[in-house]
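Protein chains: 2
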Amino acid sequence: MSFEITTELLENISSYIEASNDKAIIVLFEEMHHADIAEIIDDISFDDAVYLIKLLDSEKTSAILMELDEDIREKILQNLSAKEIAEEVDELDSDDAADIIGELSEERQEAVMSQIIDEEHVREIEELLAYDENSAGGLMAKELVKVNENWTVLKCVREMRAQAEEVTRVHSIYVVDDQDKLMGRLSLKDLLITSTKTAISEVYIPKVDFVNVHDDLDEVSNKMRKYDLEAIPVVDDEGVLLGRITIDDIVDVIKEEADKDYQLAAGLTQDVEADDSILQLTKARLPWLFLGLLGGVGAFIIMEGFQDVFSKYAALFFFTPLIAAMAGNVGVQSSAIIVQGLANDDVKGSINSRLIKEMFLAALNGFVLAIFLFAFVWAYEGKIDLALAISVSLVIVIIVAGLIGTFVPLFLNKRGIDPAIATGPFITTSNDIFGILIYFMIAKMILGI
Amino acid sequence: MSFEITTELLENISSYIEASNDKAIIVLFEEMHHADIAEIIDDISFDDAVYLIKLLDSEKTSAILMELDEDIREKILQNLSAKEIAEEVDELDSDDAADIIGELSEERQEAVMSQIIDEEHVREIEELLAYDENSAGGLMAKELVKVNENWTVLKCVREMRAQAEEVTRVHSIYVVDDQDKLMGRLSLKDLLITSTKTAISEVYIPKVDFVNVHDDLDEVSNKMRKYDLEAIPVVDDEGVLLGRITIDDIVDVIKEEADKDYQLAAGLTQDVEADDSILQLTKARLPWLFLGLLGGVGAFIIMEGFQDVFSKYAALFFFTPLIAAMAGNVGVQSSAIIVQGLANDDVKGSINSRLIKEMFLAALNGFVLAIFLFAFVWAYEGKIDLALAISVSLVIVIIVAGLIGTFVPLFLNKRGIDPAIATGPFITTSNDIFGILIYFMIAKMILGI
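Here the protein sequences line up with chains A and B, keeping their order. At position 353 of the first sequence (counting the first as 1) the number is 353 in the numbering used here, and the numbers step up by one without a gap. At position 408 of the second sequence (counting the first as 1) the number is 408 in the numbering used here, and the numbers step up by one without a gap.
For the record, the hints were derived by calculation from the structure and aren't laboratory data. Mixed in with the good hints, there may be bad ones.
[As the list claims (entries may be wrong)] Stretch by stretch, here's where chain A covers chain B in the computed footprint (C-beta under 8 Å, at least three residues):
no.	stretch
1	275-285
2	338-346
[Said to hold, decoys possible] Far from chain A by the CB rule (all over 12 Å, computed), these chain B residues:
no.	residue
3	S20
4	V27
5	V50
6	K60
7	Q78
8	E106
9	R108
10	S114
11	E133
12	Q179
13	M441
14	L447
[Said to hold, decoys possible] List of simulated lysine to aspartate or glutamate pairs, EDC-like, C-alpha gap at most 16 Å:
no.	chain 1	residue 1	chain 2	residue 2
15	B	K348	A	E304
16	B	K260	A	D259
17	A	K226	B	E4
18	B	K357	A	D276
19	A	K255	B	E30
20	A	K312	A	E381
21	B	K255	A	E257
22	A	K181	A	D236
23	A	K255	B	D248
24	A	K260	B	D259
25	B	K226	A	D252
26	B	K312	A	E30
27	B	K255	A	D228
28	A	K255	A	E219
29	A	K255	B	E257
30	B	K255	A	E304
31	A	K226	B	D36
32	B	K207	A	E30
33	B	K226	A	E219
34	B	K348	A	D275
35	A	K348	B	E4
36	A	K207	B	D259
37	A	K357	B	E273
38	B	K226	A	D36
Here a beta-carbon is modelled for each residue, glycine too, at the ideal position from N, C-alpha and C.
With the rest of the complex left out, here is chain A (with noise of 0.2 Å):
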């Protein structure tokens, strides 16, 4: 019963196109899901794509908009008058008409707004669209329930009837003072279990979690997840109840936040997908690939230096693959425990306790690792003294490279910089560079060269 595109369902909707046969069409996209028609959507040819959303209503078209890859709702928008527009956010919640009116031009968000005929609806939009996207402001709906505390339940019930209407789901009900202060919520479960002639005051939860607008969504998420809520309400600074953030939209920030911190690791300068074409992945992939084209140039400037060793020592310039080997994974590694931990908010304790630490770890590891690569470069060239002196480069330079690794993220979050650029190829280039320089000038000064 799961849905699944197949080629058939494909061509019967292009034949239908085709034929300009929009009864079939409507019938066919009747019963079906929008999350289903957006990924139909997401498959078809971009004509044909508008071809629809002008066809079906827009209760259907502006839940369907919602869903699609953002580079193909951007295209399909262009084909959009502002009227068009206009009658799709006005079937929308606050939160998702806000996020459509953002990704138009200026120019266009004022026409479109013009013709939104439900004045409340531009006051929220408005308000909505002035706070930072990554705050909590940012991802909140206008749409709630709420009741005064002052209100009988009879009261309650009839304004929560009418409320919840225009609520897609409902949660929480939260309770507010008359100056709109959040005092607290009622259970949808304590109403299914309650007498209805129980007064609200006596009834209402007053222990109630909430954001500030202006919190941050990485603190919003881990709030949510912490506690395990399914809505949060948002307050500004003096309490009045803004807005509420549902956990559906929580969970695709988590999942974002995710797949952006994956792809930083990567190399991927941006969001790609493994269907985008071959000119938008280039684009993401080539920054990072130029970067560590950079760092190699600046190793073969320090190996060029160091090229007087070669006659006596050549078997040094064949371990330089794997000291840059191992600073590179000793660096990524260090910063993506350091980078989860920020992110999950349990990095506690000083820098100078982190580097501390660290540095213990990454000198045990080298030590380690250094004894095999000792027993091998001895073994294999018979030479004690060139053993010995890329073991301990190896261990000097494995230190250095986890204090950077650990140190980087720590200082970028300390400036206010997403620490999660700070690993992958950045980490790994300039690892590779002062692990090569290291290994060099200890190699040197332990073989009196």
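Given the coordinates of chain A, work out where chain B should sit on it, guided by the hints.
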């Protein structure tokens, strides 16, 4: 109003425990959320943690246990008697209860199960323990609200009230037939806005998303994300309703999966946190580093095999870190795109078409990079043949690295192995070796050595 652990709070707690001031402790924790108490317990000494768990009532401690770090929970459970664990398990929903029991040794499992009073709870736990923990059955809870399609609304509301008291969050009311087969659902919102006189069979929504008990958790989370579901019913092959999965558990699954993939890409073999001990961190970091060491030794052996080239073209050797870095970076990029595409279920088409696309992509990237490298080597070394040899090799190395990075995760996935292990050190190490080997072979050929 956000909860925060202060040194003062921790000192208070430890002084209460030292003085055995149980009353003060109980008062302190009375109003505190179990997730906050769990954070405190993660931070205090192990003996104090056990003291608190034994002191507080099991309604609270069972919820605390579920929020603890897995290794701390394991240690605490070892310090509780079978009877004490049974008391905790008694308080938990079936899914959490099964998780706790599943972490015990088989011997202890039996001892604990025999102490649980509620026989239905025992049966439910046993049922859940039988499912694969990565399947829908391994995550679902047995607690849910269901009504029979043949009931009157009056009976339905009465039954629901009783059931709702057992269920932490209601979400949906599932409608089943006499054979317990899932027929549809009643929404809470509909209940709010529908007259109580309506018959069940008339109001229920026959369209309901569900998953099979053997479905993979990835499928479950993709479905819940796609359709913005907050709970999904789980059925067996005959369509009989077995349990339900709620979004808070799926949020944890998404987060854990993302953390795991990130750690694999960064070369960490276990789930570690910044605050883990040096020994735990070493256990997670050393295995991949050792693989990197072996890769480096492989590169050394290859380079030594080409050492006769050195007298004429020493510069060739100075570019090996560059070649290795580019091969590694390209491999990680292409594998990350595939791994992420597979997780999101949007890698379409055959392996061959993927490989052909990657070949063009890598060739394009490689060509752009090679132009720069060519110009640099020619200008710096003044040898056009050397510049040509290095640049052409770079292009070929990048193409091969991209193909390996694309092929390996697709291959692993086909074999039913988690493709995420292909990213990170695995790809960089193998690409280092292949890259250097190809580089010298091509360069030798072009230079005619």
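Contradicted hints - numbers only: 15, 19, 26, 30, 33 and 36
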